[in-house]
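Enquirer: For the record, the sequence lines run as chains L and A. Each residue of the first sequence is one higher than the one before, starting from 1 at the first, in my numbering. Each residue of the second sequence is one higher than the one before, starting from 1 at the first, in my numbering.
Incorrect hints may appear among the rest.
[Stated by the list, open to error] A partial selection of chain L residues facing chain A, derived with a Cβ cut-off under 8 Å: (1) Gln191; (2) Ala401; (3) Leu657; (4) Asp659; (5) Ile661; (6) Gly674.
Treat the hints as calculated values from the structure; they're not laboratory data. C-beta atoms are modelled at their ideal positions from N, C-alpha and C, and glycine is treated no differently.
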Amino acid sequence: MATTKGQPLQFDLDDDDLKLFCEEADEQIELLDSSLVQLEGEPDPELVQQIFRAAHTLKGSSATIGHKKMASLTHAMETVLDAVRQGRRTATAEVVDALLAGLDALRVLANEVVTRRDSGTETSTLEADLLATLDADRPEQTTAAARPTRRLTEVQLKEALLALDEGSVVVYAVELVIEAGCQLPSIRCYQALQELDALGSVFASWPDRDAVEAGAGEFALSAVIGVNASDEQVHAALMSVTDVATLTIRQMAAADLEASAAETASPVTAPAPRPQLTIVDDSARGDTPRGAAPKKAAQSVRIDVERLDGLMNLVGELVIDRTRLQQIRDQLSGVLRDANMTELTENFEETTSHLARVTDELQEEIMRSRMLPVRSVLTRLPRLVRDVAAKCGKKVELFTAGEETELDRSVIEEISDPLVHILRNAVDHGIETPEERRAAGKPETGTVTVTAWNQETYIYLSVKDDGKGIDTKTLRNKAVEKGLVSREVAEAATEDQAVQYIFFAGLSTARQISDVSGRGVGMDIVRTNIERLNGQITVHSTPGKGSEVIIQLPLTLATTKALMVQSNETVYAIPLVSVTEALADHDAEIHSVNGRRTLRLRSRLLPVVELAQALGDRSPRRIDSGRFVVAARHGDRQVAFMVDRLLGEQDVVVKSLGDIIGNRKGLTGATILGDGSLGLIVDTASLVSEHAQLAASA
Amino acid sequence: MAARTDSVIEPAGNPAAEEHVVIFRLADEYYAVDIQAVQEIVRMQTITSIPGSESWVEGITNLRGRVVPVIDLRRRCGVTANEPASETRIVVVSSSNGMVGLIVDAVSEVMRIPADQVELPSTIVAAAENTYLRGIAKLEDRLVSLMDLDGVLPSEGVNEEVAAAAAA
């Protein structure tokens, strides 16, 4: 056959599917790898079932992506395994060998999906070998015992010959088939062996005694026995066993025995000589010591994301009810105590607190089930860096760390684009050309490091490069040019403040617009996207040494920690990530500057706005004494919101306001409060930037 | 998903066709919506107002764990709004904008209206801004306006325009 090696291959899958396919294939191949060798020794029905399922899954997924070779090979393996599973075929060394050879080829074939190159692996011979193991077996059932289909080992042969020599026994080859409908074939086989034992000695049996005792679901048993009895007696003894369908007994002479021992199975079944004893097989294969506990395969079930989202919502409601129940408990406990119902009160309190605990755990578990390692995002990056570097004529090496860090899949979906953007920037703007680097006394190859880690309830992603750092001089000029800040402000800004100009809309420091980093729709969009996820983004830069962008994100988007406040009779949730301070107004230094109320907080001046008014609440307001100030930030801007009451911190479940209301300016959604009423979630990012801007322009 | 009410309307003159509707009252006018779109009818409950929203957006309410926007249909249709009374109901409908609650003064009945009793609004009412009427049924004792839910509930795009105008 003409070699197709190296030919490009087409598969029917996109990048996401590829990941899924590889994960699944790896999982199943690993399972086969660790369990196939055990198939021979201890064909535990459960194990056989597991292996069969693995092959079946591989067949399905390879067929789905249109990998014909892999699908047809796995089909052959599945067919053999199915025969073993149903007890139509014993898992002999030859069967296992054929399966293992198939497995090796599978590994190569699965990798083709990644490389998209034909590895030149031919599966037809392997498939023929696999199916041949079934053909070899067929006589065992259909033309029962025309010849013993099993070979005697040397030890067994010697034993039988010895017995024959003594002349005390007659040697028979016995083949029996159990009725197909039998529920407990292995028990019948066991009984048959017992009967034979009672008559004389069993030199060999297929399946062997251990396998029968282990309960391998065999529907056929063959044996070589030495008994001091006629074939009728043997027949009678075996027919006493229930469910025996057919039975053949054939007397064997020494020559027959030798022939059966010497007989190598037909060339089709035995493509290569193989070790005869299974024990040798195992040690030769090495990795799984016989008798060792079978490696526990990762047990997993694929679940529709929608279903997980549904669960998450339900648990969210449960959390609300829990809070509510606790409030009711507090109200009730006084009443119950007064009524002298101490026992009832205690029972109730115990039950509610247990319910609360279980609810918390349930929420945690469901959150966990939605978590994915960030690896799936990071694996896309090396390719990207290589492409971008090639386009810019730079040498860049990418390092990643913390691939195992887990985060909610909704966050994963959202984080990919910003990350790609930041990385592009790092390569395109951060890293210098090899010549520049050489001149600066740096190694020609620049490095970009992407690191992910968890801290408390946040995940952090850092993109760090060892390039030239952010050119604050150009940034300052650009910002002034575009009228984003005044010349005085730009010149007075510290280095660190000037670096933050990178987040201004419409600023691109690349001297010419490149097709790599886009047209100045860069970092401001990135920041908006991150903040929409209740995240924060910060940039640090050291001239000549490089820069680092750090993204902080909540672990999940479904719930968020918030400071609950009340303003003009409505309850609002301010995401805690943006709150820098909350204090009573009499402790706050509020001054009037140019007719605007301003809060002095640690040498900074923050514009003060009524939260309800800032959101557009035009209803008449009640002026209370003893109010509170909540300072919130967005990037480096801060605004102080006046509220009527502070209601404490709470985990809130974020719900959409509905299409009809849409994404209102200043609000990101609503949440259900402990008493069943609704609170509004404040979009601090838009509110702070709007009011900081207003204050600045005044 | 949302049942598009306009797909239910049958060409007038087909005697077999009829509309299965829920009829409700706004002040002293009767309106009807396709029964397929009605999810449930609940008594007036706590509604949290959304600051800065259009006057006819009453706010949002908690419908067994779902956040559902509520519209004051009386304001939307230019009918004088009364104080909530014992008969006031929220008709929860599913529209192409998702679930929406409509405040009505009373739900009167469910009935089948033969299509030949329905006339196009233009022949009777000339109000150009009435984007939410798709027909008027002449019953024996009264007139019932058939409502086009998608006309009543503006899409988000409209809302953004309003927001943009407010911001400018």
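Enquirer: Hint by hint, say whether it matches the structure.
Expert: Hint check:
no.: 1; hint: Gln191; in the structure: 61 Å, violated
no.: 2; hint: Ala401; in the structure: 40 Å, violated
no.: 3; hint: Leu657; in the structure: 6 Å, holds
no.: 4; hint: Asp659; in the structure: 4 Å, holds
no.: 5; hint: Ile661; in the structure: 5 Å, holds
no.: 6; hint: Gly674; in the structure: 12 Å, violated
Consistency note: the structure conflicts with the earlier hints numbered 1, 2, 6.
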